[in-house]
Every structure is written in C-alpha cells, then in structure tokens.
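S.K.: These protein sequence lines are chains A, B, C and D, in that order.
Residue numbers for the first sequence, in my numbering: 4 to 219.
Residue numbers for the second sequence, in my numbering: 4 to 219.
Residue numbers for the third sequence, in my numbering: 4 to 219.
Residue numbers for the fourth sequence, in my numbering: 4 to 219.
In case anyone wonders, no lab produced these hints; they're calculated from the structure.
Keep in mind that the hints are not guaranteed to be accurate.
To be verified - Under the rule of at most 30 Å between Cα atoms (straight-line distance), these lysine-lysine pairs were calculated in the BS3-like manner: (1) D:K83 / B:K83; (2) C:K39 / D:K173; (3) C:K85 / A:K209; (4) D:K56 / C:K39; (5) D:K39 / C:K95; (6) B:K83 / D:K209; (7) A:K137 / C:K85; (8) B:K39 / A:K56; (9) C:K39 / D:K194; (10) B:K95 / C:K90; (11) A:K85 / C:K209; (12) C:K44 / D:K95; (13) C:K95 / A:K137; (14) D:K137 / B:K83; (15) C:K137 / A:K209; (16) D:K137 / B:K85; (17) A:K90 / D:K90; (18) B:K56 / A:K56; (19) D:K95 / C:K90; (20) A:K90 / B:K39; (21) C:K173 / D:K39; (22) D:K39 / C:K90; (23) D:K90 / C:K39; (24) C:K137 / D:K95; (25) B:K83 / D:K90; (26) C:K85 / D:K95; (27) D:K95 / C:K95; (28) B:K95 / A:K137; (29) D:K83 / B:K137; (30) D:K85 / B:K209; (31) B:K85 / D:K90; (32) C:K95 / D:K90; (33) C:K95 / B:K90; (34) D:K194 / D:K85; (35) A:K83 / C:K90; (36) B:K95 / A:K39.
To be verified - Counterexamples of contact, computed for chain B against chain C with all Cβ distances above 12 Å: (37) S48; (38) L122; (39) K137; (40) L163.
Using N, Cα and C, we set each Cβ at its ideal position, and we do this for glycine too.
4 protein chains.
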Amino acid sequence: SKFEYVRDFEADDTCLAHCWVVVRLDGRNFHRFAEKHNFAKPNDSRALHLMTKCAQTVMEELEDIVIAYGQSDEYSFVFKRKSNWFKRRASKFMTHVASQFASSYVFYWRDYFEDQPLLYPPGFDGRGTLAADKNEILFSEFNINYNNEPPMYRKGTVLLWQKVDEVTTKEVKLPVEMEGKKMAVTRTRTKPVPLHCDIIGDAFWKEHPEILDEDS
Amino acid sequence: SKFEYVRDFEADDTCLAHCWVVVRLDGRNFHRFAEKHNFAKPNDSRALHLMTKCAQTVMEELEDIVIAYGQSDEYSFVFKRKSNWFKRRASKFMTHVASQFASSYVFYWRDYFEDQPLLYPPGFDGRGTLAADKNEILFSEFNINYNNEPPMYRKGTVLLWQKVDEVTTKEVKLPVEMEGKKMAVTRTRTKPVPLHCDIIGDAFWKEHPEILDEDS
Amino acid sequence: SKFEYVRDFEADDTCLAHCWVVVRLDGRNFHRFAEKHNFAKPNDSRALHLMTKCAQTVMEELEDIVIAYGQSDEYSFVFKRKSNWFKRRASKFMTHVASQFASSYVFYWRDYFEDQPLLYPPGFDGRGTLAADKNEILFSEFNINYNNEPPMYRKGTVLLWQKVDEVTTKEVKLPVEMEGKKMAVTRTRTKPVPLHCDIIGDAFWKEHPEILDEDS
Amino acid sequence: SKFEYVRDFEADDTCLAHCWVVVRLDGRNFHRFAEKHNFAKPNDSRALHLMTKCAQTVMEELEDIVIAYGQSDEYSFVFKRKSNWFKRRASKFMTHVASQFASSYVFYWRDYFEDQPLLYPPGFDGRGTLAADKNEILFSEFNINYNNEPPMYRKGTVLLWQKVDEVTTKEVKLPVEMEGKKMAVTRTRTKPVPLHCDIIGDAFWKEHPEILDEDS
Ligand SMILES: Nc1nc2c(ncn2[C@H]2C[C@H](O)[C@@H](COP(=O)(O)OP(=O)(O)OP(=O)(O)O)O2)c(=O)[nH]1
Ligand SMILES: Nc1nc2c(ncn2[C@H]2C[C@H](O)[C@@H](COP(=O)(O)OP(=O)(O)OP(=O)(O)O)O2)c(=O)[nH]1
Ligand SMILES: Nc1nc2c(ncn2[C@H]2C[C@H](O)[C@@H](COP(=O)(O)OP(=O)(O)OP(=O)(O)O)O2)c(=O)[nH]1
Ligand SMILES: Nc1nc2c(ncn2[C@H]2C[C@H](O)[C@@H](COP(=O)(O)OP(=O)(O)OP(=O)(O)O)O2)c(=O)[nH]1
Ligand SMILES: O=P(O)(O)OP(=O)(O)OP(=O)(O)O
Ligand SMILES: O=P(O)(O)OP(=O)(O)OP(=O)(O)O
Ligand SMILES: O=P(O)(O)OP(=O)(O)OP(=O)(O)O
Ligand SMILES: O=P(O)(O)OP(=O)(O)OP(=O)(O)O
Ligand SMILES: [Mg+2]
Ligand SMILES: [Mg+2]
Ligand SMILES: [Mg+2]
Ligand SMILES: [Mg+2]
Ligand SMILES: [Mg+2]
Ligand SMILES: [Mg+2]
Ligand SMILES: [Mg+2]
Ligand SMILES: [Mg+2]
Ligand SMILES: [Mg+2]
Ligand SMILES: [Mg+2]
Ligand SMILES: [Mg+2]
Ligand SMILES: [Mg+2]
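My request is simple: use the sequences and hints to build the entire structure.
M.R.: Here it is, written out as structure tokens:
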C-alpha cells in the first residue's frame, strides 16, 4: 500500500494481548478554564454533568469500553481485555478517546451551560496504560486520587453499561377511530449509565464481577 | 508524587532526542461525515478552510510546531528537532494535537458552515512518527498522497510561521481638537500563514531553508 | 549518578508487570557450525546434552527462571510472572541469557565433545516476548516447532526445578579405628532437571500446575 | 510462516532509521571475577588484551560496526547509521554482541591467561541506545567514565578499521630450480586495530572525520 513507507518510521505501538488498556484524559489548564467560565467551587455540577455526557459519547461511539470513571477534569476509560479494536494500537485508542471527548465537550456545552458562553475550545491530554492484573486497575487507576482525600469525597462518577427501558412516543398508522393518537413504545437498550458510588470498596466489585472479568 | 504508582505501568514513550516528531491527524469516517453535511465534491472549500483554521489553532495553542501540512480530512504537524515540550512524550503530543483540533472543529464550525448545522461531534485519529533525517519528512510525510494524483492536484495547504502586519483601530486619548478620533495601530506578529504551493519541488525548500534546519 | 545522561537516550524497556517474560535463544548459523564440527544427523546427542548443560547453567546463574524448553539449536526460558529481576528490563534479561549460554557452551564443550575440538566461538541470537496469558506460552512458545513434525519427534528437552538427593563423599575426622575412611553425605538440593516428555498434552500440565501458576 | 503467531506477542524493537545504534556490554560481577582469577590491580593487562581480542572478534563476525571503545570490564560498539543488519532489530544487535563476546572470552582465555585456569563461565549484560546526533555518542557514550577520573587515566582502548599489510608465507609451484621454496605473500586487509589515545579531544575526531560521518 502507499502507506507502507511511512509505516517504517512509526514505532509499533500494539498493546500486549490479553491486557486491559486504560486511557486517561485530563483537561489542559482547567484551573484557568474553570475561572474564565465561572465554575462553582470546588465542584461545578454543570461541568461534571458535561464531562459525564462526553464520556458517555466516547463509550457509545468507540468500541469495547467496559467501564469509565471520572472526577474533576479527568476521565479514565477501560477497554476489555480481548478488545482487538484497531489491532490494539495505542495511538488509535488514545487519540480517538481524546478527540471524541473534546469535540463532544464543545458540541454539548450549551446543553449544560445555558447562560455561560464558551470562550475558547479546550484541550485535553491523554495517556495509555496497560494492566495484566485486575487489581492494578482498581488500585492504580481508580484509587489514585483517593489517597489524599477524606472518605466523604471519595466518590467520582462511574459509567457502566446497563439495560434501560427507553420510552419513546411514535405516531403510528391506526384504525380510523384512533387517528392522530401517539403510542408509547418501550424499547430496551444498553447504555452507559452514571453511578455515584464508592468503587474502591469490595462491595461494588462483588456486585459487578463481570466488569473486569478475566473473560471480558 | 501520588502518581508514581500508575507511572510504573505506563510505557515510557519519550521520543528520541534530536529527531523531528510528526503528528498526523485524520478525520474518522469522513466519507459519511461529508455526505451527512452536504460537502461539495470532491473538495468543499468551507471544509478545507475550517480544517486550516483548526490547524492554525493547534499551532498557536501548542508549542514548537514549525510547519503543518494538510489536505482532504487530514493534517500533519512537525515539531522542531530540539523541542522539549512535555519532555517529548509521544502520548502528550498526539492527544493534545487531536483534542485541540477536534474541539476547534466544533467551536469554529459556524464561522465556515453558516447554513449547515453540525449534526454530531466528529472524531479524529492521530499517529506519531519520528524522523532523524530531513528527507524522510519530505518524502514520507508530505509526498505520501502525491503518488497517485495528477500533478495539478498536488497541492494541499501548508502552514508556516510568518511575520504579518496586524492593523487594529484603537480609541486613544488625544488633544481636545481631535477628540473621539480613532487611530490605526500597526503591530507586527508572527502567525501561522496558509500557503498553497508545491512543497515537494526543490524550489520551496531552497526558499525556506530554516524550516527543517538541523538547528531548528 | 554519572550514568543519568546516557539513560536519557536509552528506551525504557521495562516489561509489563504480572506477565511472563520468555527469552528464546537460537544458534547463529548452526547449519555451518554442525557441519564443521561433524554433528551426527539429524540429532547429535553430544550437542543436545551440551545445550541442556548450558540451559541448566543459565537457570542456576540467573534469577527467577521457572521452566526452560529446547531442541535443535534453540532454547526458551520462562521467567516467573512476579519476577522483578533487574526491574524487569528486557535488555538485561536477553543479554544475560545469551551471554551466559554462550560462555557456557565454550566452557563445557570438552565435557561433551571429547575428540572434536571447538574450531571457533559460536554466536546465539535472542529475543524476548511477553505473555499475559498462560496459554500463549504453551501454544506459541513451545508448540511452535511441533506443527510440521510427526508426533514421534514431538519431544524436546524440558528443564524443571526438582528436588534431588545429592550424594557426596566427604573425608571426616573419625575415631582412630576408622581413620582414613570416607563418609557418604546426602544433601537435598533443588536443581534444574531435564525431562523428555510431551509438554503439549494436557497430562503434563495437570501434573505440574505450579509451573505457570497465576501466583508464581 | 510458522513463526507468525509468536511474532504477535513480540514487541517491535526496530531501531529508528538514520540513527547510530550503540551497544554497551559490561561484565557481570567482575569484582568477584577479577578476585577469583587473580587480576592485577587496578589494571590487569592480560584481562584488557583479552577484552580487546573479544571486541575484535565481535567487529569481525558481526556487520556494520564502525568503532568500538572499551575499558575495565566494559566495551561499547557503534553501528553505522545506515546499517540495516537484521532490519535494525535491537534484540538481535544486543544478543549477537553479548553472545559473541562471551563465547570469545572463554575461547581465547588461554591465549592471554596461560597460567591461570578459567574457573567458571562469565556473564555480560548489554544495553542498546540510539543517537540521532553525533555529539551524543561522543559525550554520553565515550565520555561517560571520564568525568571522575584524572586526565592521565583518560584512555581506554579504541578499535578502528584500518588497512594492514598481512604477510603470510605460501608454498608455491615454481620452476624446477626454485623447487620447495616458500614465498612471502603480502595482502592488504582491513582489520579492527586497537589504539590507545584520547578520543575525547577534538584532535582525534578531526583526524578521523569518517567514523561518525553523516553518510557512514
Ligand atoms: N472551580 C472549579 N474548578 C474545577 C472544577 N473541576 C476542575 N477544576 C479545576 C481545579 C483544578 O485547578 C483543575 C484540575 O487540576 P489539574 O491538576 O488537572 O490542573 P490543570 O488542568 O489546571 O493543569 P494541567 O494542564 O492538567 O496540568 O481544574 C470544578 O468543578 N470547579
Ligand atoms: N465530498 C467531499 N468529501 C470529502 C472532502 N474531504 C474529505 N472528504 C471525504 C472523502 C473521503 O471519503 C474521506 C477521507 O478519506 P479517508 O481515507 O480518511 O476515509 P474516512 O475518513 O471515510 O475513514 P477513516 O475513518 O479515515 O478510515 O473524506 C471534501 O472536501 N468533499
Ligand atoms: N546435523 C545436525 N544439525 C543440527 C543439529 N542441531 C541443529 N542442527 C542444525 C540444523 C539446522 O540447519 C540448524 C538450525 O536451524 P536454524 O533455523 O536455527 O538455522 P541456522 O542456525 O543455520 O541459521 P540462523 O542463524 O539461526 O538463522 O542447526 C544436530 O543435532 N545435528
Ligand atoms: N583488579 C582488577 N579488577 C578489575 C579490572 N577490570 C575490571 N575490574 C573489576 C573492578 C570492578 O570492581 C569491576 C567493574 O565494575 P562494575 O561497576 O562493572 O561492577 P561489577 O562488574 O562487579 O558488577 P556489575 O555486575 O557490573 O554490576 O571489575 C582489572 O583489570 N583488575
Ligand atoms: O486509514 P486508511 O485506510 O486510509 O490507511 P491508514 O491511515 O494508513 O491506515 P490506519 O488508519 O489503519 O493506520
Ligand atoms: O498533570 P499533573 O501535574 O497533575 O500530574 P500528572 O498528570 O501525573 O503528570 P503529567 O501530566 O506530566 O503526566
Ligand atoms: O552497573 P552499574 O551499577 O555500574 O550502573 P549501570 O550499569 O549504569 O546500571 P545498570 O547496570 O543497572 O543499568
Ligand atoms: O531464523 P529463522 O529464519 O528460522 O526464523 P525466525 O527465527 O523466526 O526469524 P528471525 O531470526 O529473523 O527472527
Ligand atoms: Mg497531567
Ligand atoms: Mg488538568
Ligand atoms: Mg486533573
Ligand atoms: Mg487511517
Ligand atoms: Mg479519514
Ligand atoms: Mg483521510
Ligand atoms: Mg531466527
Ligand atoms: Mg539457528
Ligand atoms: Mg534454530
Ligand atoms: Mg551496570
Ligand atoms: Mg561489571
Ligand atoms: Mg563495569
């Protein structure tokens, strides 16, 4: 192919098979960004909800993310062990997460910050880490910011795929006597649902053994 | 620091010193994106100008990019050999370029597509390559898509830092008889300026020896 | 330290935690080496025993090797998952295995090739692979050369750590009437012991579950 | 090929094109080795000459090494920028250097240590570094151990390829009256020749500009 030549100079960044890939994003200079956009201190709920909306978009648009976890200006995404998305190339994982999150942040801004215009397009950095052991993810990825904080603040947002009943109304062709009526249609979909709970304790992981399953 | 533990599981992705780092972005599934947003075929000038605006933003917001080159749904950015931005970590380079480009794409969309609403937030993938030799960049990075195209189409957009005279009007305190007058103020700034020229021929590189200078 | 500067230019080759590191050696140009040293065809038992002696030396001199497997001019060594030898640097693993094997090959040559002088010092290449999953090792590392061979030849040499009773004679100070007598002393030691068995079938791994134990 | 499967788990360790690859070896635990083999202190000339003999063997048996430099129990080898030996795979470079050096050390031991038997086979570790800039090699690779030593000791052994006249005697078929006579035959060969000089000063590099030539 015509791209073969340039490939020669590109380091192979294939992630080791059978490991979890974890991509973590962090807002660039959000100290300034929060100030310029009048974020409430210390936690602006509009900002947190927007972050979560972006993370949901990332989970829906990209492949194989099993869980996400975020707080402040950062979000981490865990890909399933057996993912073969883009042949496990680290650069693809990191840049797709970063760009999808960033474009979503601007796209959905107005849904969360009604009276506060967006003054400039924000940046996010990303990094990719690997884990061959489930406990590494729990302790190094999620626990990381818990160390220095009192227990009551030890909750960020976790996004998990869950079945939800989605009710939509639909105009349907009906017999003449019911004309013009709408009908409620219930469909079960699997969506990334935000939970606010302590994911460090054993309780959470006993309830959700499938998330970081050896077979997932 | 509290992040030391997670660092253990993160591959060191420091780019070799004294080499050029080249980051190339490419729109995700832009075949569909162009269709859904009614891009003109084969080249939509609004789309191209928006791409260039995003690339300029990337050059202005990030550090040490000396030249950028783009066409269709892709853009390449060359960092100077001696850049020590983020200690030359490849993941930082790639994700900052990808996220800044993506958020700018949504942010500036309306300035270029007045009558065409943006239907969903686009994604971009990125890759990082290294070059220890100037000719590698010219031939492998920029020449790459020239192979299969007739010479008349062999022009994309090049962005170079150039001095430009910026004229702004400023209300100034003046003697009573000139009160209320404005004054034109000319300031010289260095900005990324788009050129549409053949960057493959020798002519261009003889004119701009400094761009990929061994000392740059 | 004075070495910090050079470290900047050395890629970090730390092996991912919790994975098995497998180093495989292969004789350089042993087609010629076998010819020049009059190896019996197709298998020279002196050569095979010398290879096994070298592999035992490698296991005894280096740290954390749990199993080794060899045939023809090649030998593979599996380090335990939790090994932290030389902080898991791949270059240290590979070069220590390669150099220890090579120096042993010359050192012990005469014990196996009594009448055949060694004409020149042989070379060996090495490679390092990682496995996060036990089956990868069995199928990709050990099975590899089994594919094209009839079942009766599907046996190489496996080296496993086993307890062995070592009987040595020792001259001891004894009462006058037994003067000059020697005494047999039995000591139990753990040594790498060669087995010639089919390590592909389930039987072997059911008998030795500890070798590639998740906890090893 | 049958090896494709295992390749999937092997990180690509291709060295960046157009860079110098430098492999440095260091004797394993030579503090003990020197003691056990009664090395003279601080410098045993037999040991140094044996090291140099091994380095020459490495240069002759392997491809593309342009210069080598050693002292104490260590030796560094610089491959030419454009080397494509084994497709520039770092593991091949490091293990071939390490194993060839180690087997040669045992093989040639008796030529240098006549009265001192070799008690056990020594090990060597190796590492590979890359340099895109000539000065990196001079300062980081060679200068490294000079820092803490007084100038008079700032000399190790440098090995350079030089043309040498090799005189061999050869029995030749000659006219009847000269029958049985031998003839001296002079052949010019290029061999790695040891120099004991200061390679840090400018003088050396001005005399030998070709060694680390951009085109070499
Ligand atoms: N007031 C306010 N500030 C927030 C909120 N969420 C995040 N921030 C700010 C507080 C911190 O200064 C900053 C996040 O800390 P970082 O360590 O990520 O630093 P920052 O993004 O400034 O720099 P960086 O580019 O990541 O190195 O974002 C919020 O809800 N309200
Ligand atoms: N009509 C139109 N299409 C364009 C224009 N610029 C780019 N495109 C479309 C044409 C190509 O189908 C596509 C770029 O080709 P790619 O190879 O990048 O494929 P695509 O982005 O669809 O998939 P990818 O996710 O990159 O693998 O974008 C334009 O100005 N006008
Ligand atoms: N006659 C004989 N030859 C053997 C014996 N063990 C190994 N060899 C030879 C047969 C093969 O030609 C060679 C091993 O095959 P390889 O694929 O490793 O090739 P070779 O070492 O020649 O080249 P290489 O440097 O590894 O690419 O060694 C033996 O016991 N007897
Ligand atoms: N007496 C004597 N000792 C030497 C000579 N050449 C090297 N050595 C010894 C002195 C040092 O203790 C040692 C080299 O220092 P290293 O830093 O390489 O330490 P060593 O090899 O003991 O440990 P290592 O496995 O490299 O970490 O070798 C020599 O000519 N004479
Ligand atoms: O995306 P393609 O198919 O045009 O080709 P590529 O970008 O070289 O391939 P990839 O995106 O898989 O790196
Ligand atoms: O960004 P910091 O300073 O909070 O800490 P970090 O994210 O661990 O550091 P870096 O961004 O340099 O990887
Ligand atoms: O071996 P040392 O301690 O002299 O120092 P080094 O060789 O730089 O360290 P390492 O062998 O751990 O790479
Ligand atoms: O050496 P070969 O040709 O038997 O095959 P390989 O060992 O898989 O190839 P390489 O030595 O090039 O890694
Ligand atoms: Mg950070
Ligand atoms: Mg931040
Ligand atoms: Mg943060
Ligand atoms: Mg692509
Ligand atoms: Mg595209
Ligand atoms: Mg494209
Ligand atoms: Mg081979
Ligand atoms: Mg071989
Ligand atoms: Mg072989
Ligand atoms: Mg050392
Ligand atoms: Mg040493
Ligand atoms: Mg040393």
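S.K.: Are the hints correct? Go through all of them and say.
M.R.: Going down the list of hints, with the structure as the test:
Our distance criterion of 30 Å between C-alpha atoms is met by K83 of chain D and K83 of chain B, whose separation comes to about 25 Å. Between the alpha carbons of K39 of chain C and K173 of chain D the distance comes to roughly 24 Å, so the proposed pair stays at or under 30 Å and holds. For the proposed pair K85 of chain C and K209 of chain A, the alpha carbon gap of about 26 Å is at most 30 Å, so the pair holds. Between the alpha carbons of K56 of chain D and K39 of chain C the distance comes to roughly 23 Å, so the proposed pair stays at or under 30 Å and holds.
Restraint check: the Cα-Cα separation between K39 of chain D and K95 of chain C comes to about 24 Å, which is no more than 30 Å; the hinted pair holds. Restraint check: the Cα-Cα separation between K83 of chain B and K209 of chain D comes to about 29 Å, which is no more than 30 Å; the hinted pair holds. At roughly 15 Å between alpha-carbon atoms, K137 of chain A and K85 of chain C fall within 30 Å of each other, so this suggested pair holds. For the hint pairing K39 of chain B with K56 of chain A, the CA-to-CA distance comes to about 23 Å; that is within 30 Å, so the pair holds.
Between the alpha carbons of K39 of chain C and K194 of chain D the distance comes to roughly 25 Å, so the proposed pair stays at or under 30 Å and holds. Between K95 of chain B and K90 of chain C the CA atoms are separated by roughly 25 Å; this keeps the pair inside 30 Å, and the hint holds. For the proposed pair K85 of chain A and K209 of chain C, the alpha carbon gap of about 26 Å is at most 30 Å, so the pair holds. Proximity of K44 of chain C to K95 of chain D is assessed by CA-CA distance (about 28 Å); at most 30 Å being required, the pair is judged to hold.
Our distance criterion of 30 Å between C-alpha atoms is met by K95 of chain C and K137 of chain A, whose separation comes to about 27 Å. For the hint pairing K137 of chain D with K83 of chain B, the CA-to-CA distance comes to about 18 Å; that is within 30 Å, so the pair holds. Pair hint K137 of chain C plus K209 of chain A holds up; C-alpha atoms about 25 Å apart against a cutoff of 30 Å. Of the supplied pair hints, the one linking K137 of chain D and K85 of chain B holds, its CA atoms being roughly 15 Å apart against a limit of 30 Å.
Distance hint between K90 of chain A and K90 of chain D is fulfilled; the C-alpha atoms sit about 23 Å from each other, no more than 30 Å. Our distance criterion of 30 Å between C-alpha atoms is met by K56 of chain B and K56 of chain A, whose separation comes to about 26 Å. Distance check on the hinted pair: K95 of chain D and K90 of chain C sit about 21 Å apart at the alpha-carbon level, within 30 Å; holds. This hinted pair checks out: K90 of chain A and K39 of chain B have alpha carbons roughly 28 Å apart, not beyond 30 Å.
Among the hinted pairs, K173 of chain C with K39 of chain D is consistent with the structure: their alpha-carbon atoms are about 24 Å apart, no more than 30 Å. Simply put, K39 of chain D and K90 of chain C have alpha-carbon atoms about 28 Å apart, close enough for the 30 Å limit, and the pair holds. Restraint check for K90 of chain D and K39 of chain C: the C-alpha separation of about 28 Å stays at or below 30 Å, so the hint holds. For a cut-off of 30 Å, the pair hint linking K137 of chain C to K95 of chain D stands: about 26 Å separates their Cα positions.
At most 30 Å may separate the alpha-carbon atoms for a hinted pair to count; K83 of chain B and K90 of chain D meet this at roughly 27 Å. Simply put, K85 of chain C and K95 of chain D have alpha-carbon atoms about 26 Å apart, close enough for the 30 Å limit, and the pair holds. Pair hint K95 of chain D plus K95 of chain C holds up; C-alpha atoms about 13 Å apart against a cutoff of 30 Å. In summary, the hint linking K95 of chain B to K137 of chain A is supported, as the alpha carbons are separated by about 26 Å, within the 30 Å threshold.
Distance restraint check for K83 of chain D and K137 of chain B: the Cα-Cα separation of roughly 18 Å lies within the 30 Å cut-off, and the hinted pair is therefore satisfied. Using a Cα cut-off of 30 Å, the hinted pair K85 of chain D and K209 of chain B holds, with the two alpha carbons roughly 26 Å apart. Simply put, K85 of chain B and K90 of chain D have alpha-carbon atoms about 27 Å apart, close enough for the 30 Å limit, and the pair holds. At most 30 Å may separate the alpha-carbon atoms for a hinted pair to count; K95 of chain C and K90 of chain D meet this at roughly 21 Å.
With a CA separation close to 25 Å, the supplied pair K95 of chain C and K90 of chain B stays within the 30 Å bound. With a C-alpha separation of about 20 Å, the suggested pair K194 of chain D and K85 of chain D falls inside the 30 Å cut-off, and the hint holds. Distance check on the hinted pair: K83 of chain A and K90 of chain C sit about 27 Å apart at the alpha-carbon level, within 30 Å; holds. With a C-alpha separation of about 24 Å, the suggested pairing of K95 of chain B with K39 of chain A holds against the 30 Å cut-off.
Consistency note on S48 of chain B: stated as away from chain C, and its beta-carbon is indeed over 12 Å from all of that chain's, at 44 Å minimum. Every Cβ of chain C is farther than 12 Å from the Cβ of L122 of chain B; the closest lies at roughly 41 Å, confirming the non-interface assignment. Every beta carbon of chain C lies more than 12 Å from that of K137 of chain B, the smallest distance being close to 20 Å; the non-interface claim holds. Interface exclusion of L163 of chain B from chain C stands, the closest Cβ pair being 31 Å apart, more than 12 Å.
Checked against the numbered hints given earlier, this structure breaks none of them.
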